[in-house]
Amino acid sequence: MSRTRAIFEKLKAVKLLRPMLPILTTLEGIFAGTEAVTIEAPHIREHLEIKRYMTAAIIGLMPTLVAAVIFFGPYVLACVLVSYLVGGAIEVAFAYVRKREIEEGFLVTGLIFPLTLPAGVPLWVVAVGVAVGVFFGKEVFGGTGRNIFNPALVGRLFITIGFPGIMSGQWVAPFTDAITSATPLAIYKSAGTIPPYFDLLMGQVAGSMGELFRIGIIAGGLFLIVVRVSNWRIPLFFFAAVAAVSAIGHVFLPATIAPPLFQLLTGGLLFGAFFMATDPITSPATKAGKIIFGIGCGVVTVVIRSFTGFTEGVMFSIVFMNAFAPLIDTMVINRRFPAVEP
Amino acid sequence: MPDRINTLSFKGGYRFRGFQGASTDELVALTLGSHASIPLGSAGSAVVKRGEQIDVGQIVGESDHDFRRLTVSPVSGTVAAVSDDFVQIDCGGDQAWPPVPGASAEWKTLSTDVMEDVLLATGSCSVVRGGLPTRHGTSELAPEEVRRVVVHDSGSEVYRTSVAVLMRERDTTHLSVGLAILQRLFPNSESHVVMGAESLSALPKLNALGDHNGGGGPSLHLGSPKYPQHHESVLLESLFGEEVPARASAVDYGALVMDVQALLQIRDAVVTGKPNIERVIPLSGPGFTSNPHVQVRVGTSVERVIEPYINRDESPKIVYNSVMTGEQVDDTSAPIGFDCTGLVAIPKARPEFLPFMNLGGKRDSFSFTFLSSLVRVGKTLDDNLHGEERACLACGYCEQICPAGILPFVLHRYVQRKIIDEKLVRYGAFRCIDCNLCTYVCPSKIPLARLIADGKQALRDEGFGPAPAVESKEGAV
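Just so you know, the sequences run in chain order E and L. Just so you know, the working numbering puts 292 at position 301 of the first sequence, and the rest follows in order with no gaps. Add 62 to the 1-based position in the second sequence for the working numbering, that's all there is to it.
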């Protein structure tokens, strides 16, 4: 037995710590791995596990996080810290009540959530958002693997609707202290102008902390696809649908519907498509289902961006399509395995 | 490699490569122990009594269950005990095998009736799963119903028997003679040989087998290195397409499927009169100190085979045949059966700190999140789950890897919730071929294959679906 495991065995034997058993087991799993072995064929198992799976997702988010810290300073880290602390406390509380181990999915949710917020957001809003997201977005459904909606987006939606003043007026462009209400999408809506694409790619416009450094988002997203942690179908068809709908729409309604390249490189599209729409739990599991889901997200995004009072539609479109994911899967599976006549 | 070779492929599957403990080309002939325990196979019964003197090659058991089968004794000695499953023999006397009468090096002059008699008397009819068809009722198929003979090298297993070792001190003609004998026995059949790249490069002369292609000679195919290429239904489907319903048996294809060792036994029986008494088995896995192939008489205890090689410090788990589908050997006094294709020693995992952070240069994974994706050698192998069981994320790995084209993550939910109805049949539970890849690959460590197998059993109990296929048991490979 390793020394690490021996320490945990001793801790678990302490009567006073009994109620904390699920938390101790979680920590033991992190530091010493599992002792469980195969009891029947197959006698070997591959090495990927959920902790590493989620760690890979966090690595994919690193370029975005580092860029956000460079753009907006250590305040970004404070937001992430608050998100992890508050969300983590809820996770621990549920693990305690359910007498089950803490599930690793939160490591990704807790990082994605603050990155979807404007840099001027107060810390208490971060706390409220992540609490609502984890509680109502995930835990009430039964925890990781059982939730219908992406928890980070549930939190984001709640504060968008609950605190419209804060959420629409706190946009900051990198390296400036000026708070503005004008993201490129809003500017297009009011004035019809488009910033230079290079500025969009490098993130030198106003927007959420994590959605700006688009080169890093693309790199991280592609990394996740290459290592098979996220699937290529959803982002590809999400982008394709946005490009197709806006290309056609821009011909007929140029003032309402922005041109395709601008649509792709602005707002939270890249961040949402690579890191949130691909969440395996809340998106369809079947291959064809992922394609339908991606197309649905793309169409709804352009519709909301163009025809509603909201300037951005990525978040709504993903949550909207999340609701249909089980239905899409059922339809795909029933088509693939037709009922046999008795 | 000549490009006329047909390359096989199939959807799904997984290529196991670069694991530590692959067997070497060393071949060790193991001497007999003092006892042997001869497995009689399913529904077999002994035809000898306690105290009787037995010679090598003497018939000790028979079965008329499903098809006729004779079990010959791999050793000589005195019958010490007889049970429903085994004949125990205290070995003694001359252990050389006397040729069975009728066999001849001039096999071309033998009538098919004589060949069939020799194959039955040498216990060779059971080297093929489902039995080798003869006029003696040794298979569900009649000889004239055999349309295909398929010989493969099991090349997609994690650990495999080296064809180069099997062919040592032999001539490639032994394979072609074996195939020619089968051609005589089954005149309506065509022969197919499926070999992995490794076997083909070890035996360059094998390519000559395919030379007579079209002229009635065997067709040579390059098997996919992906597991489970050699699984009967995957093999037949990739060779002949989906001409019969999914998950069909070899009988539906009119096919006889056998490995190289079975073909060589058929050849040896007819040409030299050698009874079916021994196996060449690889000792694989890092739990052995070295990994030779061992030539061993059937009935020898597992203990005697592994004793010189096992690494006692590791106290490894011993698995019979395949790490993916085989059984764990709990009692090492159990014998090597007529169906043995190898023993694997799986050590325990070493304790480590923050295992999920390991760069993983030596860790196998379907994902590319480990350095081993770049360097595919010297991968470790142990029996650890490598993670805690978690809820299904619907990551889709099991769907991507499934060779049967079903959705294990959907099926397992039905079984977990005890929903056993026609939905489970409709979603393809009975198409599962029990290859266990879904369980191997699941990052949430869910025993998907076990749940699907339980689901199939529950469906059968409720009266759904086909009857279970003839299970592979000792002596009825």
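Hints should not be assumed to be uniformly reliable.
[What the hints assert, rightly or not] List of simulated lysine-lysine pairs, DSS-like, C-alpha gap at most 27 Å: (1) L:480 with E:1; (2) L:267 with L:170; (3) E:6 with E:90; (4) E:278 with L:485; (5) E:90 with L:424; (6) L:485 with E:3; (7) E:90 with E:1; (8) L:73 with L:485; (9) L:424 with L:410; (10) E:278 with L:73; (11) E:90 with E:180.
Worth flagging that the hints you see were computed from the coordinates, not collected in a lab.
Status of the hints after comparison with the structure:
no.	hint	verdict
1	L:480 with E:1	violated (39 Å)
2	L:267 with L:170	holds (22 Å)
3	E:6 with E:90	holds (16 Å)
4	E:278 with L:485	holds (20 Å)
5	E:90 with L:424	violated (35 Å)
6	L:485 with E:3	violated (44 Å)
7	E:90 with E:1	holds (19 Å)
8	L:73 with L:485	holds (24 Å)
9	L:424 with L:410	holds (15 Å)
10	E:278 with L:73	holds (14 Å)
11	E:90 with E:180	violated (51 Å)
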